[in-house]
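Here is what each chain is made of, one letter per residue.
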Amino acid sequence: MMRAVSAVDVSELVVWRGGQLVLNGLSCQVRAGRITGLLGPSGCGKTTLMRAIVGVQIVSSGSVAVLSEPAGSRQLRRRVGYLTQEPSLYGDLSVRENLRYFARVLGADEARIGEVIETVSLADHAERLAGRLSGGQLARASLATALLAEPELLVLDEPTVGLDPVLRRDLWAHFRRLAASGVTLLVSSHVMDEAEHCDELLLMREGELVASESPDELRRQTGRHNLEDAFLTLIELRAPR
Amino acid sequence: MSVRITLATAIRVLTQLRRDPRTVALLLAVPPVLLTLLKYVFQQQPRAFQTVGAPLVGLFPFTTMFLVTSITMLRERSTGTLERLMTMPLAKLDLLLGYGLAFAAVGSIQALITAGVGFALLGLGVAGSTPLVIALAVGNAVLGMALGLFTSAFARTEFQAIQFFPAVVLPQLLLCGLFVPRARMAPLLQGVSDALPLTYAFDGLQRAAVRGALGARGELDIAVIAGATLLAMSLGAATLRRRSR
Chain A
1 MMRAVSAVDV SELVVWRGGQ LVLNGLSCQV RAGRITGLLG PSGCGKTTLM
51 RAIVGVQIVS SGSVAVLSEP AGSRQLRRRV GYLTQEPSLY GDLSVRENLR
101 YFARVLGADE ARIGEVIETV SLADHAERLA GRLSGGQLAR ASLATALLAE
151 PELLVLDEPT VGLDPVLRRD LWAHFRRLAA SGVTLLVSSH VMDEAEHCDE
201 LLLMREGELV ASESPDELRR QTGRHNLEDA FLTLIELRAP R
Chain B
1 MSVRITLATA IRVLTQLRRD PRTVALLLAV PPVLLTLLKY VFQQQPRAFQ
51 TVGAPLVGLF PFTTMFLVTS ITMLRERSTG TLERLMTMPL AKLDLLLGYG
101 LAFAAVGSIQ ALITAGVGFA LLGLGVAGST PLVIALAVGN AVLGMALGLF
151 TSAFARTEFQ AIQFFPAVVL PQLLLCGLFV PRARMAPLLQ GVSDALPLTY
201 AFDGLQRAAV RGALGARGEL DIAVIAGATL LAMSLGAATL RRRSR
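Chains as they are written, first to last, in our numbering: chain A, 1 to 241; chain B, 1 to 245.
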């Protein structure tokens, strides 16, 4: 597991959105076969960074390489799975119909549909229209879509928000299994508890990278056991600079 | 481009439409009802009903497909499904052709029902060629779809998308020769009418309904309809962006 290869390489990334500087020369790496947590308060630029990595964000300058290709290139469209923060499904189709359509677009095997429905524990709701699902169920159905093609890199924007704790634990266990099988995961959250599940952390604040460490290294550097406290300490240490 | 993805998209669009039986009922029932209404409006002028009625059979699919596509495409943009598709191995052409196939199918069913009611029940003249009217109706459905697709890019909300109907479709209906023969329009209006695709759609339909043969001018009509469809489709494709701000 000690591969030093990075699945994502972001260099000097500058992004403006709506006249505002969202990412100001951000550089970071996401290591292959690991779970990297992208953490920071909401509005700090996490989603913009993820959009740049999947190649749907117009960037002003800098570069983003994903699996050794420029982000958004044609070859990556089957190799990268993306879960948007807002669930994006057809509300007037059932969960299964949504998955069937996306599976055909992705060229994924029909058998995957049943598997991903199991993974996100939606077997009881598979025939329901997506528009009739609760918020949490809809988020899971959307996540199922991102898992369909068995991508090498999964970019998940707040996949566990609003889910019940049991399901959240199960999903993290699933992410762990995926990572063990060689999949790289980049998972964002604005809740620091989620950091515990990650191998590496990217901490962001106001469009800048505050730290890129493993949870243990972060604890060691700051002398704080609780990761939320560690994050605060880190920000205070940097503030007077 | 992929046949698999194009067909999957067409099936998906049709499944979505099927989930909305009220819209389907309106799509299929409103044109024949309007045509019936028109017959009674023109009770004192049966000739006028003959000249206007048959081409209308082929114009309904244009107007309805314009609306249906605008709204469906706007939803695709605003719910994030378009962005999701753009991260997947789907060519823009797959999406456009998928929509085109689905709505051409719906447009033909609509035209068949309207034509059936018009020709069989309302006594519309069949001096011309019924199959040709229906074929043109399908072409118009696809033209309406292409225009709807393009204009939907300029709408942020469904309210705005609906407003494009009076803005884009009604002027074409007014100027195409349906209400007043083009020859009797002021030269300026004639000039504007020359530049609008529906003018050619109406002309072609009239020829098909009255004479049953297209002739040289009718072939020009078809060429213009096809060209306008392709142009609107390419412009629509240009508004589907893989990357956004």
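Derived from the structure by calculation, the hints contain no laboratory data.
By construction, the Cβ of each residue, glycine as well, lies at the ideal position given by its N, Cα and C atoms.
Honestly, I wouldn't trust all of these hints.
[Unchecked claim] Each pair of labels, with its calculated beta carbon distance range:
1) 245(B) <-> 5(A): 51 to 57 Å
2) 73(A) <-> 226(B): 31 to 37 Å
3) 162(A) <-> 171(B): 32 to 38 Å
4) 86(A) <-> 93(B): 23 to 29 Å
5) 232(A) <-> 245(B): 53 to 59 Å
6) 159(B) <-> 5(A): 48 to 54 Å
[To be verified] Here are a few chain B residues that face chain A, going by a calculated C-beta distance under 7 Å:
7) 16
8) 36
9) 78
10) 83
11) 87
12) 196
Verification of the hints:
{"no.": "1", "hint": "245(B) <-> 5(A): 51 to 57 Å", "result": "violated, 32 Å"}
{"no.": "2", "hint": "73(A) <-> 226(B): 31 to 37 Å", "result": "holds, 34 Å"}
{"no.": "3", "hint": "162(A) <-> 171(B): 32 to 38 Å", "result": "violated, 48 Å"}
{"no.": "4", "hint": "86(A) <-> 93(B): 23 to 29 Å", "result": "holds, 27 Å"}
{"no.": "5", "hint": "232(A) <-> 245(B): 53 to 59 Å", "result": "violated, 32 Å"}
{"no.": "6", "hint": "159(B) <-> 5(A): 48 to 54 Å", "result": "holds, 50 Å"}
{"no.": "7", "hint": "16", "result": "holds, 5 Å"}
{"no.": "8", "hint": "36", "result": "violated, 31 Å"}
{"no.": "9", "hint": "78", "result": "violated, 10 Å"}
{"no.": "10", "hint": "83", "result": "holds, 6 Å"}
{"no.": "11", "hint": "87", "result": "holds, 5 Å"}
{"no.": "12", "hint": "196", "result": "violated, 34 Å"}
Of the hints listed earlier, those the structure fails to meet are numbers 1, 3, 5, 8, 9, 12, in rising order.
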